[in-house]
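Protein chains in written order, with our numbering: chain A, 24 to 138; chain B, 22 to 136.
Do not rely on the hints blindly, as some may be mistaken.
[Unchecked claim] Derived DSBU-like pairs: lysine-lysine, alpha-carbon spacing no greater than 30 Å straight-line:
no., chain 1, residue 1, chain 2, residue 2
1, A, K40, A, K75
2, A, K61, B, K131
3, A, K40, B, K131
[Unchecked claim] Selected chain B positions facing chain A (in silico; Cβ < 10 Å):
no., residue
4, Q27
5, K82
6, G83
7, F126
I should point out that these hints are in silico values taken from the structure, not numbers from a laboratory. Don't be surprised by glycine CBs; every beta carbon is placed ideally from N, CA and C.
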Amino acid sequence: DAMVIQNPRYQVTQFGKPVTLSCSQTLNHNVMYWYQQKSSQAPKLLFHYYDKDFNNEADTPDNFQSRRPNTSFCFLDIRSPGLGDAAMYLCATSRGEGRWGDEQFFGPGTRLTVL
Amino acid sequence: AQSVTQPDIHITVSEGASLELRCNYSYGATPYLFWYVQSPGQGLQLLLKYFSGDTLVQGIKGFEAEFKRSQSSFNLRKPSVHWSDAAEYFCAVAPNSGGYQKVTFGIGTKLQVIP
Numbered sequence: 024d025a026m027v028i029q030n031p032r033y034q035v036t037q038f039g040k041p042v043t044l045s046c047s048q049t050l051n052h053n054v055m056y057w058y059q060q061k062s063s064q065a066p067k068l069l070f071h072y073y074d075k076d077f078n079n080e081a082d083t084p085d086n087f088q089s090r091r092p093n094t095s096f097c098f099l100d101i102r103s104p105g106l107g108d109a110a111m112y113l114c115a116t117s118r119g120e121g122r123w124g125d126e127q128f129f130g131p132g133t134r135l136t137v138l
Numbered sequence: 022a023q024s025v026t027q028p029d030i031h032i033t034v035s036e037g038a039s040l041e042l043r044c045n046y047s048y049g050a051t052p053y054l055f056w057y058v059q060s061p062g063q064g065l066q067l068l069l070k071y072f073s074g075d076t077l078v079q080g081i082k083g084f085e086a087e088f089k090r091s092q093s094s095f096n097l098r099k100p101s102v103h104w105s106d107a108a109e110y111f112c113a114v115a116p117n118s119g120g121y122q123k124v125t126f127g128i129g130t131k132l133q134v135i136p
């Protein structure tokens, strides 16, 4: 089945220790997104890629970076995690046919704990 | 900028009872509207979406939603709730315009189903 896969599902890191979260997709979609979701809050868009074109949200901290080496994979790098970065991180994809009305397909998420 | 309000943070219904989850949006024109469901520990799954045309939209799992322009609402309904419907439900809006505009999610409504 075509899907969005996130690894690992659970990640524990130490305060200040860099961490990388992984997302892969078999849908061959043009757009890949990273969201941060804290408990009882709406998913918050961090950034997205349309193909190789990176688009950062204005309020995304510099501590968060992303890489998309090819169509299938996208990575979220947190350079120096703080306690406030503990959250669920959701990866999503969409076809990207020229407008945001595209349905987004979500992965199961990675729950990040910062000690 | 668009916004979404889900006034009910938590709702409890009995199995077999009807359900209505409220969603109000703010946008200058008719937007794209979505309802997503998130089961515990899972990513978001699209239930249904409204782009244009018939204001009553049918979705998966027996859900439907009605777009009411005069009330700026897009409420989600189900005539008979099943225990497996217990989850968190997110309403979302995206501008109905060309180019890329981000999807804005509401804060979510957590549904509890009791026997």
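Hint by hint, here is what the structure shows:
1. Between K40(A) and K75(A) the alpha-carbon distance is near 27 Å, which keeps this suggested pair within the 30 Å criterion.
2. At most 30 Å may separate the alpha-carbon atoms for a hinted pair to count; K61(A) and K131(B) meet this at roughly 14 Å.
3. A distance of roughly 34 Å separates the Cα atoms of K40(A) and K131(B); the hinted pair therefore is violated under the 30 Å criterion.
4. Taking 10 Å as the C-beta contact cut-off toward chain A, the hint placing Q27(B) at the interface holds, the least distance being around 9 Å.
5. Against a cut-off of 10 Å between C-beta atoms, the interface hint on K82(B) is violated, since the closest Cβ of chain A lies about 16 Å away.
6. With its C-beta approaching chain A no nearer than about 19 Å, G83(B) sits outside the 10 Å limit, and its interface hint is violated.
7. The criterion of a C-beta within 10 Å of any C-beta in chain A is met by F126(B), whose closest approach is roughly 4 Å, and the hint holds.
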